[in-house]
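Protein sequence lines correspond, in order, to chains W and Z.
Per this note's numbering, the first sequence starts with residue 5, numbered consecutively.
Per this note's numbering, the second sequence starts with residue 341, numbered consecutively.
Treat the hints as calculated values from the structure; they're not laboratory data.
These figures come from a predicted structure and were not determined experimentally.
Glycine is no exception: its CB is placed at the ideal position from the N, C-alpha and C atoms.
Keep in mind that a hint or two might mislead.
To be verified - Derived list of chain W stretches under chain Z, where covered just means 3 residues or more per stretch with a C-beta under 8 angstroms from a C-beta of chain Z: (1) 203-216; (2) 220-227.
What the hints assert, rightly or not - To list a few chain W residues with every Cβ distance to chain Z over 12 angstroms, as calculated: (3) G76; (4) T96; (5) G104; (6) T109; (7) S184; (8) L199; (9) M287; (10) A289; (11) A294; (12) A325; (13) R368.
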Amino acid sequence: MPDPRSAASSGVEAEPSPAPRPAAEPLLRVENVVKRFPISRGIIFKRQIGQVHAVEGVSLEVPRGETLGLVGETGCGKSTLARCITRLYPLTSGRVVLDGTDISTLSRRQLRRHRRQMQMIFQDPYGSLNPRRRVGSIIGDPLAIHHVADGAGRKRQVQELMEVVGLNPEHYNRFPSEFSGGQRQRIGVARALALRPSLIVCDEPVSALDVSVQAQIINLLEDLQGEFGLTYLFIAHDLAVVEHVSDRVAVMYLGKIVEMAAVRDLFSSPRHPYTVALLSASMIADPDRARSTHRVVLAGDVPSPINPPSGCLFHTRCPKAQPICSVEAPALTVQAGDLAGHVTACHFPVAPGEQMRGAEAEVRQAAADFAAAPLGEAVEGAG
Amino acid sequence: MYLSPLVSLLTVENLTVSFPTSDGVVRAVRGLSFEVEAGHTLGIVGETGSGKSVTALSLLGLNPGADISGSATFGGRDVLTMNQDQFRRVRGAEIAMIFQDPLSSLHPFYRVGWQICEAIQTHSRVSRAEAKRRAIDLLRMVNIPQPERRVQAFPHELSGGMRQRAMIAMALALRPKLLIADEPTTALDATVQAQLMELLTGMQRELGMAMIIITHDLGLVASSADRVLVMYAGRAVEGADSRTIFYSPHHPYSRGLLASIPGATGAGGRLVPIVGNPPSLIRIPSGCAFHPRCPFAMDACVREQPELVPVSEGAGHVSACWLPAHAVGLSPAVDQVRTRYATSRRGQAVLGLPGVAAALKGDAVHA
Numbered sequence: 005m006p007d008p009r010s011a012a013s014s015g016v017e018a019e020p021s022p023a024p025r026p027a028a029e030p031l032l033r034v035e036n037v038v039k040r041f042p043i044s045r046g047i048i049f050k051r052q053i054g055q056v057h058a059v060e061g062v063s064l065e066v067p068r069g070e071t072l073g074l075v076g077e078t079g080c081g082k083s084t085l086a087r088c089i090t091r092l093y094p095l096t097s098g099r100v101v102l103d104g105t106d107i108s109t110l111s112r113r114q115l116r117r118h119r120r121q122m123q124m125i126f127q128d129p130y131g132s133l134n135p136r137r138r139v140g141s142i143i144g145d146p147l148a149i150h151h152v153a154d155g156a157g158r159k160r161q162v163q164e165l166m167e168v169v170g171l172n173p174e175h176y177n178r179f180p181s182e183f184s185g186g187q188r189q190r191i192g193v194a195r196a197l198a199l200r201p202s203l204i205v206c207d208e209p210v211s212a213l214d215v216s217v218q219a220q221i222i223n224l225l226e227d228l229q230g231e232f233g234l235t236y237l238f239i240a241h242d243l244a245v246v247e248h249v250s251d252r253v254a255v256m257y258l259g260k261i262v263e264m265a266a267v268r269d270l271f272s273s274p275r276h277p278y279t280v281a282l283l284s285a286s287m288i289a290d291p292d293r294a295r296s297t298h299r300v301v302l303a304g305d306v307p308s309p310i311n312p313p314s315g316c317l318f319h320t321r322c323p324k325a326q327p328i329c330s331v332e333a334p335a336l337t338v339q340a341g342d343l344a345g346h347v348t349a350c351h352f353p354v355a356p357g358e359q360m361r362g363a364e365a366e367v368r369q370a371a372a373d374f375a376a377a378p379l380g381e382a383v384e385g386a387g
Numbered sequence: 341m342y343l344s345p346l347v348s349l350l351t352v353e354n355l356t357v358s359f360p361t362s363d364g365v366v367r368a369v370r371g372l373s374f375e376v377e378a379g380h381t382l383g384i385v386g387e388t389g390s391g392k393s394v395t396a397l398s399l400l401g402l403n404p405g406a407d408i409s410g411s412a413t414f415g416g417r418d419v420l421t422m423n424q425d426q427f428r429r430v431r432g433a434e435i436a437m438i439f440q441d442p443l444s445s446l447h448p449f450y451r452v453g454w455q456i457c458e459a460i461q462t463h464s465r466v467s468r469a470e471a472k473r474r475a476i477d478l479l480r481m482v483n484i485p486q487p488e489r490r491v492q493a494f495p496h497e498l499s500g501g502m503r504q505r506a507m508i509a510m511a512l513a514l515r516p517k518l519l520i521a522d523e524p525t526t527a528l529d530a531t532v533q534a535q536l537m538e539l540l541t542g543m544q545r546e547l548g549m550a551m552i553i554i555t556h557d558l559g560l561v562a563s564s565a566d567r568v569l570v571m572y573a574g575r576a577v578e579g580a581d582s583r584t585i586f587y588s589p590h591h592p593y594s595r596g597l598l599a600s601i602p603g604a605t606g607a608g609g610r611l612v613p614i615v616g617n618p619p620s621l622i623r624i625p626s627g628c629a630f631h632p633r634c635p636f637a638m639d640a641c642v643r644e645q646p647e648l649v650p651v652s653e654g655a656g657h658v659s660a661c662w663l664p665a666h667a668v669g670l671s672p673a674v675d676q677v678r679t680r681y682a683t684s685r686r687g688q689a690v691l692g693l694p695g696v697a698a699a700l701k702g703d704a705v706h707a
């Protein structure tokens, strides 16, 4: 892993990157990407009755050899963003620049050449491998599609790849069902690695694995990054995993980035109220630390992305919300006192050392009220 | 076996559960004993196939087709010998359960409110209107927005998080003495998880309810359990109060888990994975089931199954391992003690085990 302190180089402030191949241009630049899905009604006369605002103007940069962690909760648009970046979805607007080329407007045929540079690892090692095909041909597919190698050459390359990711090359002719979850995820990694891409988008790569196996895959991804100078966009909901693998972290809420900073900076001094709540809610496997952290409970639910709130998207649940928050959307900027590269979209960022309180008291009161209410007479011989 | 000075609410002794299948007998739980005290939380930690969920289902009589032996004494009665009628009186009212998968645990044809009312009216003599009022209160308490409207919703009309909360509401409806939560928050986002754990611990404080939290998430256990039981391949391998498990574990499996999870007490700069995979419950390894993956495996581990015995430091700290009792902790020094002890008791055959081989290459232990 590169030194996390060097991570301040992406994002707003551009500094020379210490990555294996130094370049002023970041490998991946995402500019103001918007993705909306239409909602239509009717069978013959389809008409659009609304749209899902999945990604609403996201901009970020990932320098070569670094890992950008992307966190947020279900429905925040992190997977949609990943699919926009890899062009599995067409963009509604915005640009995705990969290694100097704007890939957001390329045709399918033009795109194919650039696809070699970016690959994806999926969450579900069971659903992302065709159960009727042999492992050798699954891993060899990218080599065949891009006419890199065929025949004996392809087999040799596939077996080398299997060796690299820690699979036994003799298992070339086995089916995915003969492998455990961790080994299947290694197959997914080998397939992503086949064309020697520069960018790998990992969408929850360890979430489906047993705890004792997760570390095997995390270590593998780290080793491969060191060996091949890979750049990762790492999506996960487990904050401890993200903290472990990332150089920089971006926090998303309802399709927007609300805060982005170098990993240590973000975890030690979060500024956005949502980030503060999210970090306080994450469960650390350390009883003393877990019990000394004040858990901020957020009121209510994430609003619907079909009809997002006005102004700051978080104002409906924010303990610090003021009238201006529902009117004016805050810009993603460096807040006073923060390091360069630490950007927060908030009118009233949480000050360092400030103890933010959420709806904890209300929840406790609800429990007490319920416990105090009469229960009614028990039914004799219920059943 | 340690004996608790407090009166326990639930005492499970030598629970054994197996399922006959066409591939062979699945031995899901093999002689499990534990206690839960009123008002306390027991965390049962284990991976897929460690037998933790089967244990919970057996306590509620929800394992048809399984061969169950042993005893589980709850309030002076053995729940394992109850017939369906007797079980129905206990289930829901005194022991309630939160299931892992809210979609398959709610009936798809009935409205959520109806299902909560049914539970209330089965066990207490209240009017339909009163039951419904209480259902709405419950939904409000678990933070479901617009509870008056949602009480009329079908399960498919609710989001995954809301379904899970509806199920928690149902479980709490009769203020059970014991709540068994099987992966209660695994499907939920971190902030919703925090909300619900705050609520559950609040209820526990107010009602003196005991909880068994069954999970693979060590973070959840660290923040909520008083006592922790670590399970592997159907057996308890270590049990102690929460701080002892996290700061001075004895069993190499507990120690291995803590080194492999980012942010855990035993994790350093680079994670140390446990080699291999959890075993099949049809072909369980001989002796200690963990021996093929263990970096400290010795000849004895292959031959003979260790029993849960008290180990040093911490009241009620028990571990099923042949390593000496004083080898507790996470430091490299303690790992060296473990390694030195194990090396002196190894034959050629044990050296070929994957866990030991990896340890000899320097992959699996800090030392």
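We went through each hint and held it up to the structure:
1. For a cut-off of 8 angstroms, the count of residues in the stretch 203-216 of chain W with a CB near a CB of chain Z stands at 3, and the three-residue condition holds.
2. With 4 residues bearing a CB less than 8 angstroms from a CB of chain Z, the stretch 220-227 of chain W meets the requirement of three and the coverage assertion stands.
3. Remark: the non-interface label on G76/W conflicts with the geometry, its nearest Cβ contact in chain Z lying 9 angstroms away (cut-off 12 angstroms).
4. Residue-level check passed: T96/W sits 25 angstroms from the nearest beta carbon of chain Z, beyond 12 angstroms.
5. No beta-carbon of chain Z comes within 12 angstroms of the beta-carbon of G104/W; the shortest separation is about 34 angstroms.
6. The Cβ of T109/W lies farther than 12 angstroms from every Cβ of chain Z, with a closest approach of about 35 angstroms, so its non-interface assignment holds.
7. Its closest Cβ contact with chain Z, about 5 angstroms, brings S184/W to no more than 12 angstroms, contrary to its assignment away from the interface.
8. Against the 12 angstroms criterion, L199/W stays outside the reach of chain Z, whose nearest CB is about 27 angstroms from its own CB.
9. Listed as outside the interface, M287/W is inconsistent with that label: its C-beta sits roughly 3 angstroms from the nearest C-beta of chain Z, within the 12 angstroms cut-off.
10. The claim that A289/W is not at the interface with chain Z is violated, since a C-beta of that chain comes within 12 angstroms of its own (minimum 4 angstroms).
11. Consistency note on A294/W: stated as away from chain Z, yet its beta-carbon is not over 12 angstroms from all of that chain's, at 4 angstroms minimum.
12. With a closest Cβ-Cβ approach of about 16 angstroms to chain Z, A325/W is found to remain outside the 12 angstroms limit, as its non-interface label requires.
13. Consistency note on R368/W: stated as away from chain Z, yet its beta-carbon is not over 12 angstroms from all of that chain's, at 5 angstroms minimum.
Of the hints listed earlier, those the structure fails to meet are numbers 3, 7, 9, 10, 11, 13, in rising order.
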